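Take these sequences, add in the hints, and give me the full structure.
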Amino acid sequence: MKRLNSHRAALIVTAIAVSAAVLIGALTAPPGLGAADRNPDGSYVGTRVEGTTPAQWRLIWEEDPAHAATVSWTTAEQPKKSTLVYDSEARQGDVTKYRFHADATVGQYTDDEVRTWYNHAEISGLKASTTYWFVMVSDGAASREFHFVTGPEGDADFKLLYGGDSRSDRDARRTMNRRMRALLEEDPEILALAHGGDYVANGEEMEDWDEWLTDHELTVTADGRMLPVIPGRGNHEAGGPLYDQIFNTPGKKGGNFYRTLIGEQFLLVTLNSNISAGGDQADFLETILKDNSGVRWQCANYHRPAYPAVKSPGSALEHWVPLFEKYNLDVAFESDGHTLKRTCPIRAGKKADDGVVYIGEGGLGVKQRTPKDDRWYFEGGVTASTLHVQKLTVTKSMLTVESITDAGKVYDTFETKPRKR
Amino acid sequence: MSSSTDDRAAIWTLRGAVALTCVAVAARMLMYGGPVLSWLWLNVGWSEQAALRLEHGAAFGLMVCAPLLCWRKAWPAAALVSGWLLFATVAETATGTWHSELTPGALAARWLAPVALIALSMNKERPAEWLLRIGIAGTFLCHGLEAVFHNPQFIDYLIRGGELLAGTRVEETVATTVLTAIGVLDIAVALAILVPKRLRAVAFWMALWGFLTAAARVLYMGWGNWPEALMRVTNGAVPLTLLLLWSRPKPAEAEHETPE
Ligand SMILES: [Fe+2]
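Residue numbers (my numbering), protein chains in the order written: chain D, 1 to 421; chain B, 1 to 260.
It is worth saying that the hints were derived from the structure and are not from the lab. Check before you lean on any hint, since a few could be wrong.
[As the list claims (entries may be wrong)] The following residues of chain D were derived to be distant from chain B, with all beta-carbon distances above 12 Å:
1) 51
2) 131
3) 253
4) 308
5) 402
[Said to hold, decoys possible] Derived contacts from chain D toward chain B, CB cut-off under 8 Å, selection only:
6) 10
7) 14
8) 15
9) 22
10) 28
11) 315
12) 370
[Unchecked claim] Examples of chain D residues toward chain B, derived with CB under 10 Å:
13) 24
14) 92
15) 93
16) 274
17) 318
This structure is a prediction, so every number in the text was calculated from the model and none was measured. Each residue gets a CB set at the ideal place from its N, CA and C atoms; glycine is no exception.
Right, here's the structure in full:
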């Protein structure tokens, strides 16, 4: 009886102590911001994927955007022949009039349920800073006429978008795609979007990609200008073959890291934070930064942050940051955290005027988290819980990074001058 | 050594490990947010505030449970800890992206340790022993599989380890080959610990490797990463508890034991 009572007493004491602690913890939790703004217009259905009609188009840039690109699209059925017809003059969609054509590689996306087909037309030998007009044709079914502008040669001024994490909230993703289209429409100097990864919630499910690809059509301007994507790989598409099937294997298969030179004075190194950071990729990064030390502007794009606004740091901190600092990188673009951030300049784990700045964290279509703004590296930096995209303005004397919200407001502006290397 | 001393050492080892796990898991939730927050907010549709409140409540609850675990009769505290750790494991499985199907097994030592502690507190040594065996077998088996599948994080640990400990640059191909060997060894010891014999050498190796790989998190990213290391303390403490329990022969079982 006495034994039973002492057990009962233990039970009561435990229950009271734990309940009190849980209650105190819950009541002292910092305020969250709840769900991000939702776009009331969910009516967009995109181009129907049926027969061999080209749909879900995207344009991919990799190493040499002045002279090469891949135009990709989806068909519901396997086409016998898929071709991209293109020209440096508009031909109003008359497929017989385009001077150039490239046959597309066709294959089936790896998925049990969505049995659609990818078509990749690789084009090269393009002229720099030139508008190319094109039509996708699969077994006679043709798309409308689109166009895009190739990258520049020489020491050129231009603009670029950066953003990541377009997964999990379709309304927000559509809002941000419409925002990017509006930016492109009002500012034709924008050339492309560098994507920081986490396009979809489950990158091994074509159903998720199906929605992303359809929503991506919303980035095309009213007059048919397509926004090229420079893709980076996120943890939500870390596994499986679909990422390479969607983006035509940017970088090497199994690696997906590569360098893009836009003009002769802007280097973008796209890294993959889902594979070993310290092995071959660190060697690659060092070689690229060393070989391009004469390039004025140098940026990196990878998914998991070294200086996160919410979560814990990834391997980039140990393996890439020392190289960024050694070679004086200008800006490292990071995603994954679902919040907006810009750090102070950082060198050797401390705030330093000649340090590297880390910008991004992913706001292209996912609910935004509350950032942990009390971390030391945000002193003199910026954090916010808002959907966003970054706009880079590259000139000879200044690199400007503006963080633009879903409402089109410039929330933060960062400027840096060319640095000695 | 008397049997009661060994028993005491075993139970205090396990208590200490579970208490440290509580502190580390709580700290990690408060510092970075845990998998439950991500899962409830992004997958289930809770508001961020509600999910944050739940995690903060759980963090405070875990910190109160830690000292309570030292009290033999306060087994409900151990049950609550196990319940939360299992819930967090489920959430991590749902939100994880790299071979997340291995997560429940990989974290088995963590969420089964408090259950084994309850059994030990109630003097049910045999079930406790098997809970400990199953827990650590799951952890080693699933980490072994992750190693065989070349978890990129493990490759980076080996490369960084080479730089820090030997001052040499380990090539990725070499690190990958070593990782495969480590994975095979992990799987072998995971199976061996389930053999119904007291294989002390196996338990000793698992304890050593479990502590070493937990400590690697601090070696890799510095002391600021202490919750990551401490969260894995059961990976060494569970086999150490087995070793302590097996340090005295049981009359009935001693006859069947093979000498080492
Ligand atoms: Fe991510």
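Original post:
What hints, given by number in increasing order, does this structure fail?
Top reply: 4, 14 and 15
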